[in-house]
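Asker: Kindly generate the complete structure, drawing on both the sequences and the hints.
According to this note's numbering, the sequence shown holds residues 1466 to 1900 in order.
Hints in this document: simulated from the structure, not taken from any laboratory. No experiment lies behind these values; they were computed from the predicted model shown. Backbone N, C-alpha and C define an ideal beta-carbon position, used for all residues, glycine too. Take these hints with a grain of salt, some might be off.
[Unchecked claim] Lysine-lysine pairs mimicking DSSO-like chemistry, simulated, CA-CA at most 30 Å apart:
id : residue 1 : residue 2
1  : LYS1664   : LYS1715
2  : LYS1578   : LYS1715
3  : LYS1664   : LYS1827
[Stated by the list, open to error] Label pairs and their calculated CB-CB ranges:
id : residue 1 : residue 2 : range
4  : LEU1708   : PRO1754   : 14 to 24 Å
5  : THR1627   : ARG1735   : 16 to 26 Å
6  : ARG1735   : GLU1810   : 50 to 60 Å
7  : ARG1695   : ALA1864   : 47 to 57 Å
8  : THR1544   : ILE1595   : 50 to 60 Å
9  : PRO1546   : LEU1524   : 25 to 35 Å
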Amino acid sequence: TYRRAEADLLAVGQDLVQDLKNESSPTELTISDLYRHRFGMAPRDHAYLALWDQQGNRLYATPRLPDHVQPSDESPPQTGPHPFYTRATGRNFDVIVATPQGGQLLIGRPLAKEWDALQWLVLRILGMGIVCLAGGIVVANWLSRRLSEPLTQLTETAERITSRHLNTRIEPVEGSLEVMRLGLVFNQMLAGLQTAFEKQTRFVAEASHELRTPVTVVLSQVEHALFRDRSPEEYRQALNVCLRSTRRMKSLIDQLLFLARADAGKLALRFVPIDLAEVAAQAVELLHPLATAHTVSMTTELAPAELLGDPDRLGQVVTNLITNAIRYNNPNGHVIVQTMSSEHEVILRVRDDGIGIPQADKPHLFDRFYRVDTARTQQDDTGTGLGLSLVQEIVTAHAGTIDVQSTLGAGTVITIRRPIDSKVVTGTPQTKRPL
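Answerer: Quick look at the structure:
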């Protein structure tokens, strides 16, 4: 605004200076109609003039001269890139130029028109801002409702889900990809929770069933023994039955506690340098009477396999695997126990030529309380169905893996692999020996 007003007033000043050079009388100074139209025809837009001589005496002034009009303290330069002075006072703008006679000529005008335009611009900006704000509020409200609607549906569905209604699923909702993905993830989470809850419920029911049998045996034996006086031998037989039942119950309770700690992530293992071959040899020696009772022969091929591990828990792994290999074997069957190591891993392998595992049972082999059809065994299965579950938990805690290869009627090979510990020193090889 000031630039345009400055250019117009300077042009008027230069015209008037040219008139003064032509020796025009100060009383004849007038602004041409061209610039009057540019300044505005309303009285409030009329420009004003004031002329002073070199001594500061006013020689000419237009009527209704504003009170602020005074000559500059210094005369403007007559040459150079900026041969004039400008001055803004309130809503008035003045340009002062030097006259040929060394005096000063002031040309000024009110900036009412520019202020009107500026006010109108401000009003337009405010109006547009209000319109945009109102539109933004409407759009934001619409978007919030559109976005919150599927979330509200998710919330309402989640509120209906309890432990008795874990099969409830969130219906597909229209919305953003994030909301759709949230619904999918929520359904997957519910499916996982339902599976885990069903497993836990089945686990509790089966554990209760397994515990009920020895408790029932003990209770019946005690009631029978106390029904009437009996001989010492009869009391001894009853106590022996109770002892076997309580031992079975204690074993089951210990296994359940172990699995509960594993599920809670509180399985405490004692990692020390051990040789898996020595652990396997001790387990084979311990189970030799069981193999003899089942007319099963055992052979060991125990090469050094040193690692960091819990000797008691790994001994439990080897014992459970060999016990299964003996119980699910044929008369005069054979079991081979091997340990070996490579640059990257240690390996335990238990091989038998027994009845094998049906293909349908393989996916459930490590499920808790799951037992392969005992009608296929030569002896009654007195296990609890937790042995292989314990094996899996212990091997997993040792960062190992289990591989099962089985052919029905031809035998089973179970291989456990664990990454080797670089700090363990290789021990002395053990030779192959039959038992």
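Asker: Against this structure, judge whether each hint is valid.
Answerer: Checked hints:
1. LYS1664 / LYS1715: holds, 23 Å
2. LYS1578 / LYS1715: Given pair LYS1578, LYS1715 is violated - Cα atoms ~102 Å apart, limit 30 Å.
3. LYS1664 / LYS1827: Within the cut-off at roughly 18 Å; holds.
4. LEU1708 / PRO1754: 14 to 24 Å: holds, 19 Å
5. THR1627 / ARG1735: 16 to 26 Å: violated, 42 Å
6. ARG1735 / GLU1810: 50 to 60 Å: violated, 21 Å
7. ARG1695 / ALA1864: 47 to 57 Å: holds, 56 Å
8. THR1544 / ILE1595: 50 to 60 Å: Given range 50 to 60 Å: holds, Cβ gap about 52 Å.
9. PRO1546 / LEU1524: 25 to 35 Å: For PRO1546 and LEU1524 the Cβ distance comes to about 28 Å; the hint holds.
In this structure, the hints that do not hold are numbers 2, 5 and 6, in rising order.
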